[in-house]
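Residue numbers (the working numbering), protein chains in the order written: chain A, 1062 to 1382; chain B, 1404 to 1842; chain C, 2 to 185.
Just so you know, these hints were derived from the structure itself, not from any lab. Everything numeric in this text was worked out from a predicted model, so none of it was measured. Keep in mind that a hint or two might mislead.
[What the hints assert, rightly or not] Here are the computed lysine-lysine pairs in the DSSO-like style, where the Cα-Cα straight-line distance is at most 27 Å:
no. : chain 1 : residue 1 : chain 2 : residue 2
1   : B       : 1754      : A       : 1320
2   : A       : 1304      : B       : 1754
3   : A       : 1186      : A       : 1163
4   : B       : 1563      : A       : 1320
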Amino acid sequence: MIEYLRSNAVPLGLSVALHSVLVALLISGIGLPSHIQPVAAPPVVQATVVDQERVEEELRQIELAEQRERERREEELRQQQEQAEDVRRKREQEEQQLAAAKQEREKAEKELARKREADAEAERKRVADLAAKREADERAERKREADLKARREAEAEERKRKEEAERQRLAELEQKRKQEEERLAKIEQQRKQEEERRQRELEAQRQRESESLLAQQLAEEEKRVAAQRSGLLGQYMALIRQKVERSWIKPPSAQPGLKCTVQVSQIPGGEVVSVRVARCNGDDAVVRSVEAAVWAASPLPLPADPSLFERSLSLEFAPTE
Amino acid sequence: MRKRRSAAGAIFALFGFALLAAGPARAELRIEITKGVSGAVPIAVVPFGWRVDGVSPADDVAAIVAADLARSGRFEPMPRSQMLETPTTGAEVDFQDWRLLNAQILVIGQITPAGPDSVSIQFQVFDIFRGDQILGYRMNAPVERLRGASHRIADMIFEKLTGISGAFATRIAYITVDREGDGQRYRLIVADSDGDNPNVIADSADPIMSPAWSPDGRKLAYVSFEGGRSQVYVQVLRTGFRESVSNRLGVNGAPAWHPSGKSLALTLSERDGNLDIYTLDLGSGRLQRVTRHSAIDTEPEWTPDGQDILFTSDRAGGPQIYRVPASGGDVERITFEGNYNARARISPDGKRVAVVHNDRGNYRIAVVDLNRRSAQVLSEGRLDEAPSFAPNGAALIYASRRDGSGLLETVSVDGLVRGRISSPGSDVREPVWSPYPPN
Amino acid sequence: MKIRLMIILAACAWLTAGCQTTPVDEPTTGPGTATSGTATDDGAQTSGIDDDGGFSGMDLDGSQADGIGMQGDPLLETRVILFDYDSSEVRSDFNDVLAAHAAYLAANPSVAVRLEGHADERGSREYNIGLGESRAQAVRRILVLQAVEASQIRTVSFGEERPAMFGTSEEAWERNRRVEIVYP
C-alpha cells in the first residue's frame, strides 16, 4: 500500500487537492443562502467524501494499470527496435557475404518488412488505440468529473431548494399555527364574553329577584332594628353629652379651636372609674377642667336598652363658642 | 356577588356604628362636647392653721383668699359650715370625703412664726378628683401685711387654675363725693382691689377727677379744681407729696401716663377754649401739641407700645375714638358703632379698647375689638362710665349709678362675671385699676 | 352810689385774687406748686397713703361775691343759660339775657365776669369738661360780639362735677346743661 502510494504520489496528491477544494467549497457554503443552518451540512459533506474516495480509488487503479501497460509496451518497443537493428546489421553483413542468397534474403527481408510493417502497424494501431483509449478515459474522467460537479451542484441546488421549501413550509406552518391560535383565542374570548354576559344576566336576574323579594325584606328589617337601636343609642349618647356639658366649667382659656380627647371608663351603673386625657391642645387649666367635667358628671346616664351600655367612652371636648 | 356585598356595605355604613355598638367587637362611643357652662368651680378653702403662740390672727388668710376667688366669679368657695374636716397638712387630707362634698379643688395651709413680726405662710392646692397636688408654696410676710399676702396667694391659685394672672393683689383708685353742709367733699381714695383698706390720698371741697396710675404703681396723676380752676397734679402715694404739673389758664385735664412713666398726655384748652391733646415731659416740663382741631379733643390714652395716642373727639359730630401718632400725624377714627363712644382705655395686650358707649339711650361700657372694629356692650346700667382694665386684661372696673349714687362694678371681658364694690353712703366714681404691684 | 362802690371794690378784690392765683394771658407750663401732705391754700388736702386720712381742710375759695348790685333787672338777674343735649349752641330764648349782660359789661369795662360751663351727668367726665368749656366759650363769643372786652371775661368748665340739681332725671339734666354767669 505504501509502495502503491509512493508510486502514485503525484496523481493522488492532485486528486486529493481537487477534491479538497470541492469539499471546502461545499462546507463554506459558497452560493448557499446564509441562513441555512450549518448543522444540516455535515452529513451531506460526509456522504460526499465517502463517495469521492471510492471514485478516486477507482481512478487511481485505472491509472496505475494504464501506466504499467504503457511502460511495459515502451520497453518492448525499445527491445524490438534494438533487435531490428541487429537484424539489419546482420542482414547487411549477410548481403555483403551472401549476395546470392538475395532472394532468400529479400524474401526474408520482405517477410520481415511485412512483418515489421504489420508489427508497426499493429504497434501504431495499438499506440493509437492506447491514445484513443487514454483520451477517451480522460474524456470520461472529465465527463465524470463534470457530471459529478454538476450532480453536486444539482444536489446543492436541490438541497437549497428543499431547504428553502422547507423553510417556507415551516413559515407557512407557523403562520397557520398563529392564525389558528388567534382564531382559537378569538373564539375563546367570545366564549368568555358570552359566558360573562350570561353570568351577568343571570346575576342581575338573581339580584332582581333577591332584591325584590327576600333581600328587600331583610334590609327593611335590618333598617328598622338599626334605626331603633341607633335612636336609642343616639339618645344615650345625648344624655351623656348633656350631663358632661353641664358639668364642664369652661375656663377662660378654653377658646374655639380647642380639642381635647378624653378616654373614659365606666362600670355598669355609670360610675366613672377612670378618666384619661389622650390628646389636648389646651393648657393645664383646660385639661383639669375636662377631667373634672367627667368626674363631676359621674355617675353617667344609662341607656334605655341595657345592651347599649358601653364601658369605654371617648369624649371630645371641642367648644364651638 | 360584588354588588350584593356593596349593598350590604351601604347598610353597614348607614347603621355601622349601631351595629358596632351592638356587635360583639365593640368600639368605644365617641361623644362630642361642644359647650360648657361658665359657672364657678367648687373650691374648698380650709381655714389655715395658726401656729403662732400668743398672737391671734388679725386677718383670716383663707377667708380673704376665698373671697377673692369668689369675686372673680370663676370659683365658688364652700361655706366653712359644710366642711367635714379642716386639714392643715397634706397628710390629713381625705380626698374621698371632699369628693362627696362635690368640691373639685382643695386649698389648705398653715401659718408659723418666721421672726419677731413676720410669719411664714405655707399652702397647698389639690385636685380632688385626681388626688394630687397642683400647687405648693411657702412665703414670708410681715404680720401687718397678712392681707396683702393673702391677695398674693389668691393670685397664685387663680393663675394656676385658670391660666390667667390674678389681679387680687392690685389696688384701685377712685373718687368719692359726699355732701357736707351746703357743699360737697371730693376724695381721692386708694384701696385694695376688693375695696378693703381704703385710704384717702387727696381731699377737697372742689372737684377732683381723672385719677391715673403711674406705670410703676407708685404715683397718681389727677385733676383738681382747687381754687375754682383745673390743674393736673402728680402725687407720690407713699409720702403724699404732690406737685402741680399743669396749671395753665383754661382746661388742664385728662392726664394719661406714657408707658415709660416719663411723660403725660393731657388735654389743654387754648384761649378760645378749644381742647386739644398735648404731651408733657415730666422731666423737662416741655409741652408738645399732638392734635390741632376746632372740635373737642380730649381723654388721651397711650397705646401699650407708647407710640400712639387714642383720644375722644367730636370732630365728626358726636364723640368718637380716634388714634394719632404721639409725634403727630394722620388721625384715624377707630369707633363707628353708635353715636357716642368716649374715654378709651386700651387693654394691656393692646387689642381691645373699652369705651363709654351710648347704647339706645343708655350709657354703657363697651369693648371694641381693634382688629374687627366690633363693639360688645358689657355693662347693664343707664349711666355707666369710666371703664378701666385690670392689669391682667381679664376684667374691667367701671362706675355705675344706682338710686342717685355712684358705685363700682366689675365685669369680666367676656361679660360673664360681674361684681360690685359699693361704698355705703358715698357717691363713688372714676375707678382706676392699678398696675401689678412692684415685686 | 353805694352799690357802685361795692361793685368796684368787689372787682378789685377779684382781680387781685386773680392775679395772685393765675397769670391771665401767659399760662405757666410744667411743674407748678408743690405741696406735701397738707391742706393747700386752695382748700384741698392730700395724704400719704399710710395716713389715716379724714382730715378736713377749710375751703378758702371766696365765691360768695355776689355783691354786684343788679337787683331790679330780671334779665341781669338771670345768670344761667341752658343748653340742649350734647350741644354748645346758645338757644335763641337766651338772646335777651345775654344782650342785657353784654350791655352791662360793655358799660362797665372794669367789671369782670366768670362763665362757668357745665354738663349733665351723662357720658364721660372729661368729655363733659370739654362740653362745658365749649358752652362757656359760646356765651363768651356772644358777649364779645356785643362789645364786651375779652379781658373782662374768664371761662371755666366744671363738666358734670358741679350739678345745679342732683339726681338722675330729665329735669336735673336739663338744669345742669348750663353756663353760669358769675360776677365775682
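- Query: So which hints don't hold here, by number, going up?
  - Reply: 2 and 3
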